[in-house]
Structure formats: C-alpha cells, structure tokens
Amino acid sequence: MKNENLYNYILGIADNNLILGQRLGELCGHGPTLETDIACTNISLDLLGQVRSFYQYAAKIAGDGRKEDDIAMLRKERDYLNVLLVEQPNTDFGYTIARQFLFDVYHFLMLTELEKSQDLTLSAIATKSLKEVSYHKRFSSDWIKRLGDGTSESHDRIQMAINDLWTYTDELFHQTEADKVMVAEGIGVDVTKLKDDYYNQVGNILEEATLEIPERKYFQKGGKQGIHTEHLGYLLAELQYMQRAYPNMEW
Amino acid sequence: MSEEQIKNLEEQFEARILRDDKIEPKDWMPEKYRQTHIRQISQHAHSEIVGMLPEGNWITRAPSLRRKVALLAKVQDEGGHGLYLYSAAETLGISRDEMFDQLHTGKAKYSSIFNYPALTWADMGAIGWLVDGAAIINQVALCGTSYGPYARAMVRICKEESFHQRQGYEIMLKLANGAPEQKDMAQDALNRFWWPSLMMFGPKDDESPHTAQSMKWKLKRKTNDDLRQQFIDQTVPQADILGLTIPDPDLKWNEAKQGYDFGEIDWDEFWQVVKGHGPCNKERMKARVNAWENGAWVRDAAMAYADKKSELKNKQAV
Numbered sequence: 000m001k002n003e004n005l006y007n008y009i010l011g012i013a014d015n016n017l018i019l020g021q022r023l024g025e026l027c028g029h030g031p032t033l034e035t036d037i038a039c040t041n042i043s044l045d046l047l048g049q050v051r052s053f054y055q056y057a058a059k060i061a062g063d064g065r066k067e068d069d070i071a072m073l074r075k076e077r078d079y080l081n082v083l084l085v086e087q088p089n090t091d092f093g094y095t096i097a098r099q100f101l102f103d104v105y106h107f108l109m110l111t112e113l114e115k116s117q118d119l120t121l122s123a124i125a126t127k128s129l130k131e132v133s134y135h136k137r138f139s140s141d142w143i144k145r146l147g148d149g150t151s152e153s154h155d156r157i158q159m160a161i162n163d164l165w166t167y168t169d170e171l172f173h174q175t176e177a178d179k180v181m182v183a184e185g186i187g188v189d190v191t192k193l194k195d196d197y198y199n200q201v202g203n204i205l206e207e208a209t210l211e212i213p214e215r216k217y218f219q220k221g222g223k224q225g226i227h228t229e230h231l232g233y234l235l236a237e238l239q240y241m242q243r244a245y246p247n248m249e250w
Numbered sequence: 000m001s002e003e004q005i006k007n008l009e010e011q012f013e014a015r016i017l018r019d020d021k022i023e024p025k026d027w028m029p030e031k032y033r034q035t036h037i038r039q040i041s042q043h044a045h046s047e048i049v050g051m052l053p054e055g056n057w058i059t060r061a062p063s064l065r066r067k068v069a070l071l072a073k074v075q076d077e078g079g080h081g082l083y084l085y086s087a088a089e090t091l092g093i094s095r096d097e098m099f100d101q102l103h104t105g106k107a108k109y110s111s112i113f114n115y116p117a118l119t120w121a122d123m124g125a126i127g128w129l130v131d132g133a134a135i136i137n138q139v140a141l142c143g144t145s146y147g148p149y150a151r152a153m154v155r156i157c158k159e160e161s162f163h164q165r166q167g168y169e170i171m172l173k174l175a176n177g178a179p180e181q182k183d184m185a186q187d188a189l190n191r192f193w194w195p196s197l198m199m200f201g202p203k204d205d206e207s208p209h210t211a212q213s214m215k216w217k218l219k220r221k222t223n224d225d226l227r228q229q230f231i232d233q234t235v236p237q238a239d240i241l242g243l244t245i246p247d248p249d250l251k252w253n254e255a256k257q258g259y260d261f262g263e264i265d266w267d268e269f270w271q272v273v274k275g276h277g278p279c280n281k282e283r284m285k286a287r288v289n290a291w292e293n294g295a296w297v298r299d300a301a302m303a304y305a306d307k308k309s310e311l312k313n314k315q316a317v
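Chains as they are written, first to last, in numbering that gives the first Met the number 0: chain V, 0 to 250; chain F, 0 to 317.
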C-alpha cells in the first residue's frame, strides 16, 4: 500500500467509533428511561456515521478494491486498532456513562486538533463530527454529575465504574508509529499533547460530581497494537456474523 | 352536575365529533371516551417500545454499516413514537409510570406481532414491509381521529412509518434479487410474517367488541375486515414484484369484489398469542421489566439531583 501510515492512522481513529458504536447499539430498547435509550442510540448513530466517512476514505487510500464494509467487518481480531476503553462491556448504566464520558472528553480534544489537519478530508470529517461529539460530551458529563451527586447508591456505582475504567485512559495518549509519521507530516494529531487538558477537564467534572479522581500507578494498554481484552472477540463475532456467514453478497 | 346537564354535555360532545371538531385535553369528555383513549393510545405506545426489541436484536448483526445505521435510526424513531404517544396519553390524566406499570403487570396489551421472533436478517425486511405496512393502514385512518393530541401524533408517526416501510421493502428487494440463499431467506421471512401481519388488524368484525363505539368516536374509521382487505390488496402485487410467493394457497383475485379472496386465519393462534402464550411474550416482557428495574437507581439519581439543584436555586433566590 502506498500510504500505509495514513491508512493505519485513519483506522486508529475510526475503530474507536466502530467499537463504541457497536457497544451502544447493544443497549437499544433496554435503557433506564426512554429518553436515555434514545440518546444512547443517537450517539451510536453519530459514531457509526462518522465511521462510514473514515472507512470510505481509508478504502480509497488502500486502493485494493476493498470497501467500507470489508474494512469494518472482515478484519481479524488482531487488526482492530481501537483503544481498550471502548470495547469494555455495558456492565450497567454507570459503566456505559463512565466509558462514554472518558472517551468523549478525549474525542472532542482530538477532533478539535484534527480539524486543523493538512489532510482536507480528515479535516472535513472532524468538523462535521465535532458538532455531534460536543453533544455527546455534554450528555455524558451531565449524567456523570447526576449519578455522582444523585443518591448514595448512584454515587457509589459511578465511582466504581470510573475507578475500573480509569486504567484504560492512559492509552488514549500513546503514539503509534503511524501517529508519529502523520504528526510529522502535519496530518495527524499529537495525542501526547492532549493529556494534561484531558485530565484537567475530566478532573473538574468529577469534582463537580462529588467524585474522587482515582489514583493509579498502573495502566492497561495494547489496543492500538491490536492486543485487546477478551471482550472484543465476542463483539466482533456479532459484528462480523453476516459477512462471514454469507460472504461476497450485497445487502 | 345534574343528569340533565351531563346529557346536554354529551349531546354537545357527540355533535362536535360529528362536525369533525378536534377534542382537546381541557375539553369536557365522557369518562368512557377518556378511558377508551387511554387504553388505545397507551397500547399503541407500548407497541412502539416493545417493537424496538425484535429489531433491536439485529442492530449488532446488521450485514453492512449502511444497514446498521438505518436500523438504528428506525428503532430510534420507534422510541420517539413511544414518547409522543405516552405524552398524548398523559394529557388524559394518566402518568407514564402508571402506564409502564400496566404494561409490566400484563394489564395493558401491545401489538401481538412483536411476540414473534426475528430470526434472520430478512426478518428486518419483512417487519418493515409487512408489519409497518399493516401499521400504516391502521394509522392513516387515525390521523383523522377525534382526539387532537392523538391525531397530531399520528400525522408525524405516519410520515416516519411510511419511510420505514419503504426501507423494509428495499431490504426485501435486495434479498429477492440477490444470491439464492438470500432469496430463500426472504421467502422464509414472508412465510413466517404473513399470517401474523394479517392478524394485526384484529378479530373479524363480528367478533370485535369495541368496533361500534370506536367508529362513532372516529377512533376507528374503517372496520378490521376492511383494513385487512385493503392491506392484502395492496401487498400481493408488491410480493409479485419481489418474485416471492404469499403462503396462502387460497389467495385468488376476485373480479367481482375487485379484491383478493384469502384463506382462513388461524384464530386459535391469534388468541393464544393475545392471551400471552406466543413464542416471545415472556421474553419481551422480561426485557422490558429488566430495563425498568435495572434502571430504577438511575431514575432515582436523576430525581435526587434535580431536587438538589432546584433547592439550591431557591436558596440563591432567597
């Protein structure tokens, strides 16, 4: 492939959307209220809409006849480059919101930088996505506050979810080889520079929500190299089922 | 109020309906009108949210990103329909929590069609084409119903439903023109959903206890049998275009009535499912009850938080 770094860079962004969108899609019809049900579906819809733009572009870069669905559904487990955070299961509404919040704050910062990319396609996708992601961030931040400063049960539950998922936050700021090349070319975002802002913003919301900021020395990583948690395999089994069971068909 | 006065109000009320006036929430209405509307509108709302389940179960397995996004949007629309309909019912003096309670305890019904399982991807096509198609026929008639909030909700819902139906038909069209396995999948879905779709129009007219009163209040504008006939007449040519066979050996064009004759519906199956013994009645209710019970702490938190905030605001105001 002529521009493998750009291709991998795009997947590194878009796979997060795909996997998180798929996770949220599992919840459709099972939310705690009709309003949150609709909101989570809506976020899933936004993320998957963004994925399509990214994969269509990646398919063009790959130039080997593969289409967006081949990229989305016909890779092997080790070829998905999403961070570990987004593949974590919907343990309960607290985990769903904590995962969303910890991702949204990052997502918004990253897209804000990506909007300045020299690559006009990526910049345009970022501009469109930012409108949606600013809503996601508001939704998840509001729920962090409601749950944190709601009842003692909700406080404990959301604190537990934040504590458990915190271990996956550091990976958001790891640079891959493709990242480094793309940053040097003025195309990619230097995620290492987003870290302080991220923890500040997250910290402020947690504080407002009367929650503790977890103290952690050890973090999990691997997603960006395709080394995932065991959860991803099951998610992919559902995601890929039709394409695997009925290969080479139009739907 | 004296009996005479009530009788007067009732006469005025019936006259308004006859003139095609809309009845609004604050208007006087007979208690039976209110109860019948609560029953029908909440049943309709419940059908929307229970209806999210069979299709929701295919979101994670949709065969392409385009289909996944379209299905998500569709199921989300159904949630939205549930919201307007619950709101419309609330204008009659019942709360959403009370309606949920009626659903969860089995006191309120929802459309039986959602007690059939969605087994293959083609079921997403068949549900859109047939189930939404049947629903539209019922609902278009309701856009002119006498209760204002319900009629207005129906206008919006009908627009979205007709989009869903086209989307379902398009899924079927793709399958019917695809590989032999895809065509088989489409035929199988039609075979399983055809008869339950015909049952969506309810019992035969002579066995439908509410028809006469509902016709008078324009809560129904055509009878069950008329609507069912309309659905069949409109759907058979669509199946022909797909090259699929309607699973009814007695289906035959009747030149004299300018409509199709069709075979006997299995009314035992209809009543079995209505009474709670269909293939998925228990699973559907379990899913709804679980969502509600597992979400209790979230709703409590939201209420507690809102109370704290308004308390704070009041303090600041002082």
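To be clear, the hints were calculated from the coordinates, so they are not data collected in a lab. Virtual Cβ for every residue (Gly too), placed ideally from N, Cα, C. Any given hint might turn out to be false.
Unchecked claim - Under 10 Å between C-beta atoms, here's a sample of chain V residues computed to sit facing chain F: (1) 27; (2) 226; (3) 238.
Each hint tested on the structure:
Because the smallest distance between the Cβ of residue 27 of chain V and any Cβ of chain F comes to about 4 Å, under 10 Å, the interface hint for this residue holds. With 10 Å as the threshold, the beta carbon of residue 226 of chain V stays out of range of chain F, its nearest partner Cβ sitting at about 23 Å, so the hint is violated. With a least beta-carbon distance of about 7 Å to chain F, the hint placing residue 238 of chain V at the interface is held under the 10 Å criterion.
Going down the numbered hints, you'll see the structure goes against just number 2.
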